[in-house]
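S.K.: Whole structure, please, built from the sequences with the hints as guidance.
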Amino acid sequence: MSIKSYREATFDAMKEEMIRDGTVYAIAEDINGNGGTHGRYTGLGEAIGDPGRVIDAPISEAIIVGSAVGAAMSGLRPIVDLRFSNCIPCAMDEIVNQAAKSRYMFGGQAKVPMVIRAPDGILKMQGAHHTDCLEAWFTHVPGLQVVVPSTPAEGKGLLKTAIRNDNPVLFFEHKKLMAMTGEVPEEDYTIPFGKARVVREGRDVSVIVYGIMVSRALEAAEKLAAEGIDAEIIDLRTLSPWDREAVLASVKKTGRAVVAHEAVRQSGFGAEISATIAEEAFGALKAPVIRIGAPFVPIPMAPNLEDLCRVLPENIYEGVHRALGRQSDR
Amino acid sequence: MKVSKEQALKFYETMCLIREFETSVKHDFLNGEIPGFVHLYIGEEAVATGICAALDDTDYIESTHRGHGHCIAKGADIDRMMAEIFGKKTGLCKGKGGSMHIADFSVGMLGANGVVGGGYNLAAGAALANKMILKNDRVSVVFFGDGASNRGTFHEAANVSSAWKLPTIFVNEMNQWASTTPYETTTAVKDISDRAKGYHMPAVIADGKNVFEVYAAAVEAVERARAGEGPTFIECKTFRVEGHFVGDPELYRTREYVKENAALNDPLTWFDRTMTRKNGYIDGVIEPQELEAVRAAAKEKIVKAKEFAMSSEYPDPDQYTADLYL
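First to last, the protein sequences are chains E and A.
In this text, residue positions in the first sequence follow the numbering used here: the first is 1, and each later residue adds one.
In this text, residue positions in the second sequence follow the numbering used here: the first is 1001, and each later residue adds one.
Keep in mind the hints are simulated off the structure, nothing from the lab.
Among the hints, erroneous ones may be present.
In the DMTMM-like style, the derived pairs of lysine to aspartate or glutamate whose C-alpha atoms are separated by at most 20 Å in a straight line are [unchecked claim]: (1) A/1165 x E/56; (2) A/1301 x A/1013; (3) A/1165 x E/29; (4) A/1165 x A/1223; (5) E/175 x E/29; (6) E/176 x E/307; (7) A/1135 x E/50; (8) A/1135 x E/21; (9) A/1089 x A/1313; (10) A/1088 x A/1077; (11) A/1010 x A/1283; (12) E/253 x E/204; (13) E/111 x A/1057; (14) A/1135 x E/56; (15) E/111 x A/1323.
With the C-beta cut set under 7 Å, the calculated list includes, among others, these residues of chain A facing chain E [as the list claims (entries may be wrong)]: (16) 1096; (17) 1101; (18) 1115; (19) 1121; (20) 1129; (21) 1324.
Note that beta-carbon positions come from the ideal geometry of N, C-alpha and C, so glycine has one too.
M.R.: Given below as structure tokens:
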């Protein structure tokens, strides 16, 4: 084990996979100039001994993604970095029609192994065109897989799996993860898709979260523990596929569920989780599923308004109290 | 450019196969035997034939919703093509793709794209993969119409192909109609190949009914691409004889206009006329009965393909979840 930042851990994932497999390459805007998103590609070409596999792209999201689909169909394994999830809509056809559907509609002739990394979420005052959480859009598209890591160790293991995976993967990484540090195993490891992680065992309530919300849920759980409330925290890790069994087992145990994400509450992925719990664990529920998400607005620039859109530990704390039938004010 | 008589007859065979295939499909669609949409390549046969004749099996093509001609010319199995259009399990895509998503990866046909202008980026991606990472000399052809060149994706692919000297060959099938719109009412340029100038891309205009001219342009473009010198734009002037789709009432153009332009641009009658006289494309001539024999054999193949399709089963019900994830 060693302490690494998320940036370092995911750099290692890419380096190791690109050394292991010469068909893996990375393409993004500004990837060589200043190392791409948060400088996380700095030195990658040298580290793998093959700078030709780290490609600086023009400002053409459609071709960055579309060329990756074509390259994947020709036998390569591209890692695409779109800098911000907000850039994804510039390549929607390439993701939703081309990447997602090619294998299926060509009757298995095509294989589209590619990873699209996209930093997302609210940082500070980046404004509406640079702040979004779009994971729910892509959990709705058959043929895609959606991954949302929560820590450096999780990021490394999930990214390695994503690269080795033979399907198109959307890899949403909250901007606040970049600076996060944590213990990362030294040995080569991967984390499977569709297998949630029980981050904290508990008796009283199931808190179902992913991405940056996992660390916020842990913070809320500490405050709740001081009040004698024992929260179980489930890190979904991947949203498509997602680990229904783990969530249902937890809710059947605790009888109460709180789902939280930074994405807009309406039609967020929390709705899928809540509906599934209601359908398949209704008898175990002692209270309705509490669903927490951002308000239904684009993210405003003014910091005081932006703060109103955040989903923070105190929101999860309040949500747990509501699940336990106590006072709610949101 | 001169070719052997055998090569010329091969061209003719491919064009006849396309013409007979499309005629059969049109007939079956109007009889209600084929589901969905079909978009016919009638009148444009020389373009797919000439271009694909310059390619190897290991080269790639990206096709369009009007893709049957490309698929045949690239060497796909005709029986399995027909079965695919009928949605049968013996089809190239196991019945899951149909006419608009027909594909045969075994001969480098990376798929017909139901999204107009959806294929440029895929073709450029295959080109990028082969040149920049796999470091071989395969080329990647993208077919597209005049209407499709108005999409932003054309411009992104043209830019990057030129900037990185990718072995992408842009084949514009200038058939003068973008669905129901005559191209001149919605397109800023007169010759679509004018757009290549903006990307420092060499361009050539070929007479789309002259398979030899198309072939010659393709051979040169392939040579340039394999040598690492970058993309070429080949504009093939042709004409879309049928409506946008089978069943299109074509209220936007008259029967007389279609008849006149179809006759002017027909690649098969041009070939018949030209090859049976002394010409600059082959040594000697081809006798009319040789051409008739090729045409008859092609028709026979299509009849067999239809029998194969009709006698095949639809996919098993559990197949609707197959091939979603690997």
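S.K.: Now look at each hint and say whether the structure bears it out.
M.R.: Each hint tested on the structure:
1. A/1165 x E/56: holds (15 Å)
2. A/1301 x A/1013: At roughly 11 Å apart (the allowed maximum being 20 Å), residue 1013 of chain A and residue 1301 of chain A satisfy the hint.
3. A/1165 x E/29: holds (18 Å)
4. A/1165 x A/1223: holds (13 Å)
5. E/175 x E/29: holds (17 Å)
6. E/176 x E/307: Holds, at about 15 Å.
7. A/1135 x E/50: holds (13 Å)
8. A/1135 x E/21: Measuring from Cα to Cα gives roughly 16 Å; hence the hint holds.
9. A/1089 x A/1313: The hint holds at about 6 Å.
10. A/1088 x A/1077: Status holds; Cα separation ~14 Å.
11. A/1010 x A/1283: The given pair, whose Cα atoms are some 15 Å apart, holds under the 20 Å limit.
12. E/253 x E/204: holds (8 Å)
13. E/111 x A/1057: Status holds; Cα separation ~19 Å.
14. A/1135 x E/56: holds (18 Å)
15. E/111 x A/1323: holds (10 Å)
16. 1096: holds (5 Å)
17. 1101: holds (4 Å)
18. 1115: holds (5 Å)
19. 1121: Residue 1121 of chain A check passes; min Cβ-Cβ to chain E is 2 Å, inside 7 Å.
20. 1129: holds (4 Å)
21. 1324: holds (5 Å)
Going through the hint list in order, the structure satisfies each hint without exception.
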